[in-house]
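So the chains spell out like this:
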Amino acid sequence: EAGVAQSPRYKIIEKRQSVAFWCNPISGHATLYWYQQILGQGPKLLIQFQNNGVVDDSQLPKDRFSAERLKGVDSTLKIQPAKLEDSAVYLCASSLGRNDEQFFGPGTRLTVL
Amino acid sequence: LAKTTQPISMDSYEGQEVNITCSHNNIATNDYITWYQQFPSQGPRFIIQGYKTKVTNEVASLFIPADRKSSTLSLPRVSLSDTAVYYCLVGPYNQGGKLIFGQGTELSVKP
Chain A
1 EAGVAQSPRY KIIEKRQSVA FWCNPISGHA TLYWYQQILG QGPKLLIQFQ NNGVVDDSQL
61 PKDRFSAERL KGVDSTLKIQ PAKLEDSAVY LCASSLGRND EQFFGPGTRL TVL
Chain B
1 LAKTTQPISM DSYEGQEVNI TCSHNNIATN DYITWYQQFP SQGPRFIIQG YKTKVTNEVA
61 SLFIPADRKS STLSLPRVSL SDTAVYYCLV GPYNQGGKLI FGQGTELSVK P
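Line by line, the protein sequences give chains A and B. Position one of the first sequence corresponds to residue 1 (the numbering used here), numbered consecutively onward. Position one of the second sequence corresponds to residue 1 (the numbering used here), numbered consecutively onward.
There could be a bad hint or two in this list.
Said to hold, decoys possible - So these bits of chain A aren't anywhere near chain B, every CB distance computed over 10 Å:
| hint | residue |
| --- | --- |
| 1 | V4 |
| 2 | K11 |
| 3 | G42 |
| 4 | P43 |
| 5 | K44 |
| 6 | L45 |
| 7 | Q48 |
| 8 | N52 |
| 9 | K62 |
| 10 | P81 |
| 11 | D86 |
| 12 | L91 |
| 13 | N99 |
| 14 | F104 |
| 15 | R109 |
As the list claims (entries may be wrong) - Capping the alpha-carbon separation at 25 Å, the derived lysine to aspartate or glutamate pairs in DMTMM-like fashion look like this:
| hint | chain 1 | residue 1 | chain 2 | residue 2 |
| --- | --- | --- | --- | --- |
| 16 | B | K98 | A | D100 |
| 17 | A | K44 | B | D67 |
| 18 | B | K52 | A | D74 |
| 19 | B | K54 | A | E101 |
| 20 | B | K52 | A | D100 |
| 21 | A | K44 | B | E106 |
| 22 | B | K98 | A | D86 |
| 23 | B | K52 | A | D86 |
| 24 | B | K98 | A | E14 |
| 25 | B | K54 | A | D100 |
| 26 | B | K54 | A | E85 |
| 27 | B | K3 | A | D100 |
| 28 | B | K3 | A | D63 |
| 29 | B | K98 | A | D56 |
| 30 | B | K98 | A | E85 |
| 31 | B | K69 | A | E85 |
| 32 | B | K3 | A | D74 |
| 33 | A | K78 | A | D56 |
Note that these hints are calculated values from the structure, not bench results. Every residue gets a Cβ at the ideal spot worked out from N, C-alpha and C, and that includes glycine.
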């Protein structure tokens with residue numbers, strides 16, 4: 001069974017530029033999550049989708065971050081404009097339903113210079 | 001969700017049993033205890049989950065005392081490949097989808 005796919009794996013940008021990350025969840029998984037993991041810390045949930053609807057985006061910095069899951073399958077997370085403190089690994093995870101085990105992708109490492 | 005406290009780091013040698021203890025004094029009646037493992041450059045991976053007493057699977061054992069204010073993840077006979085960060089999470093079953101990770105315990109296994 002294919003796991004959660006993410007691209008790109010690495011991205012380096014300058015501050016004030018924009019960047020987008022892509023995630024393809026495990027087939028059939030209705031719930032999709034985006035996490036931010038800063039070096040030395042545990043992952044922090046940014047946004048949770050149930051199919052194509054947002055369930056929880058309370059920790060998403062909405063002035064610069066946006067995410068969508070238009071067809072209820074793959075998802076994109078965008079940062080515009082990026083700040084130095086956005087340097088982190090962005091992890092995507094998926095689960096069958098909200099109370100089911102989450103499976104994580106390998107993440108995208110973002111460096112903002 | 002209950003706050004958890006676990007050691008920042010631990011060292012071990014190959015073949016030893018490793019026990020990582022997590023404190024969660026404010027655990028609620030409907031909270032479960034879940035452990036995740038994260039290797040460098042990978043996302044976290046579910047290891048084990050329990051509610052009380054002892055749970056064992058092919059990877060680890062989870063010991064939970066009667067008062068449930070702490071729990072211990074036991075890794076039998078560790079190898080170099082067990083070097084990773086281990087997170088203890090406390091909350092509703094599978095956290096209701098909202099995983100809240102602490103800082104974790106960085107386990108280093110040496111030859």
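Now the hints, each set against the structure:
{"no.": "1", "hint": "V4", "result": "8 Å, violated"}
{"no.": "2", "hint": "K11", "result": "14 Å, holds"}
{"no.": "3", "hint": "G42", "result": "3 Å, violated"}
{"no.": "4", "hint": "P43", "result": "5 Å, violated"}
{"no.": "5", "hint": "K44", "result": "7 Å, violated"}
{"no.": "6", "hint": "L45", "result": "6 Å, violated"}
{"no.": "7", "hint": "Q48", "result": "6 Å, violated"}
{"no.": "8", "hint": "N52", "result": "16 Å, holds"}
{"no.": "9", "hint": "K62", "result": "18 Å, holds"}
{"no.": "10", "hint": "P81", "result": "26 Å, holds"}
{"no.": "11", "hint": "D86", "result": "19 Å, holds"}
{"no.": "12", "hint": "L91", "result": "5 Å, violated"}
{"no.": "13", "hint": "N99", "result": "5 Å, violated"}
{"no.": "14", "hint": "F104", "result": "3 Å, violated"}
{"no.": "15", "hint": "R109", "result": "8 Å, violated"}
{"no.": "16", "hint": "B:K98 / A:D100", "result": "11 Å, holds"}
{"no.": "17", "hint": "A:K44 / B:D67", "result": "29 Å, violated"}
{"no.": "18", "hint": "B:K52 / A:D74", "result": "37 Å, violated"}
{"no.": "19", "hint": "B:K54 / A:E101", "result": "20 Å, holds"}
{"no.": "20", "hint": "B:K52 / A:D100", "result": "19 Å, holds"}
{"no.": "21", "hint": "A:K44 / B:E106", "result": "18 Å, holds"}
{"no.": "22", "hint": "B:K98 / A:D86", "result": "21 Å, holds"}
{"no.": "23", "hint": "B:K52 / A:D86", "result": "39 Å, violated"}
{"no.": "24", "hint": "B:K98 / A:E14", "result": "31 Å, violated"}
{"no.": "25", "hint": "B:K54 / A:D100", "result": "21 Å, holds"}
{"no.": "26", "hint": "B:K54 / A:E85", "result": "41 Å, violated"}
{"no.": "27", "hint": "B:K3 / A:D100", "result": "22 Å, holds"}
{"no.": "28", "hint": "B:K3 / A:D63", "result": "29 Å, violated"}
{"no.": "29", "hint": "B:K98 / A:D56", "result": "9 Å, holds"}
{"no.": "30", "hint": "B:K98 / A:E85", "result": "23 Å, holds"}
{"no.": "31", "hint": "B:K69 / A:E85", "result": "35 Å, violated"}
{"no.": "32", "hint": "B:K3 / A:D74", "result": "33 Å, violated"}
{"no.": "33", "hint": "A:K78 / A:D56", "result": "17 Å, holds"}
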